[in-house]
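Protein chains in written order, with the numbering used here: chain A, 34 to 144; chain B, 31 to 148.
No lab work stands behind these hints, which were simulated from the structure alone.
Predicted model, so just to flag it, every value in this text is computed and none were measured.
Careful, some of the hints might be misleading.
[As the list claims (entries may be wrong)] List of simulated lysine to aspartate or glutamate pairs, DMTMM-like, C-alpha gap at most 20 Å:
(1) B/LYS41 x A/GLU74
(2) A/LYS136 x B/GLU44
(3) A/LYS84 x A/GLU130
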Amino acid sequence: GQQLNQSPQSMFIQEGEDVSMNCTSSSIFNTWLWYKQDPGEGPVLLIALYKAGELTSNGRLTAQFGITRKDSFLNISASIPSDVGIYFCAGLQGGSEKLVFGKGMKLTVNP
Amino acid sequence: GAGVSQTPSNKVTEKGKYVELRCDPISGHTALYWYRQSLGQGPEFLIYFQGTGAADDSGLPNDRFFAVRPEGSVSTLKIQRTERGDSAVYLCASSSNGLTGLSTDTQYFGPGTRLTVL
């Protein structure tokens with residue numbers, strides 16, 4: 034099935050560092066979402082973006098919806114150990130209820 | 031309950047057997063979704079219900095997969111003649127009205143059922 038191109042696939046950082054990840058697509062999406070998934074759990078929504086160019090923050094998280102509507106990025110500032118997990122981008126196309134996910138980025142934070 | 035619940039949490043079966051996976055959405059949520067997540071991948075859409083009806087089943091991989099939601103709340107995903115390639119985590123999600131039209135609506139995911147076909 035269709036998947037978004039998410040990069041990087043994994044990152045190892047020190048506590049306190051910032052981390053950025055992005056997602057691209059060959060298709061236009063009307064909504065971009067960022068999720069975090071912990072082992073044995075379902076994805077949990079972190080940030081939702083609804084307009085091209087929109088920049089939204091949620092605590093230490095900042096995400097942007099690309100102008101072309103084909104990309105999005107997520108930034109986590111001042112990482113802490115509990116940020117460890119797998120981060121997924123997801124997109125929603127107009128009139129569809131189908132979320133299309135990226136492959137995920139596994140984040141490891143060394144204390 | 032407060033969130034989406036799924037049972038069983040783990041299911042081990044033999045190739046060729048029939049399995050049923052259950053999802054209890056958040057009370058009052060009319061929209062329900064099933065996704066399948068293979069190891070190292072993101073979730074892939076299977077089917078979407080609005081109320082009792084399957085509004086979009088385009089993600090079901092073949093006719094061995096079927097899902098029902100007879101009373102518009104609990105849903106069951108049914109897999110016939112299971113194959114080893116069906117092994118994955120099956121995730122269920124619900125939202126209050128569906129994602130399109132209401133920009134503030136959100137999908138809430140359950141913890142998933144890990145299916146292993148031997």
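Evaluated hints:
1. With a C-alpha separation of about 16 Å, the suggested pair B/LYS41 and A/GLU74 falls inside the 20 Å cut-off, and the hint holds.
2. For the suggested pair A/LYS136 and B/GLU44, the alpha carbons sit about 28 Å apart, so the restraint of at most 20 Å is broken.
3. For the given pair, A/LYS84 sits about 17 Å from A/GLU130 by alpha-carbon distance, which is consistent with the 20 Å threshold.
When held up to the earlier numbered hints, the structure conflicts with hint 2 and nothing else.
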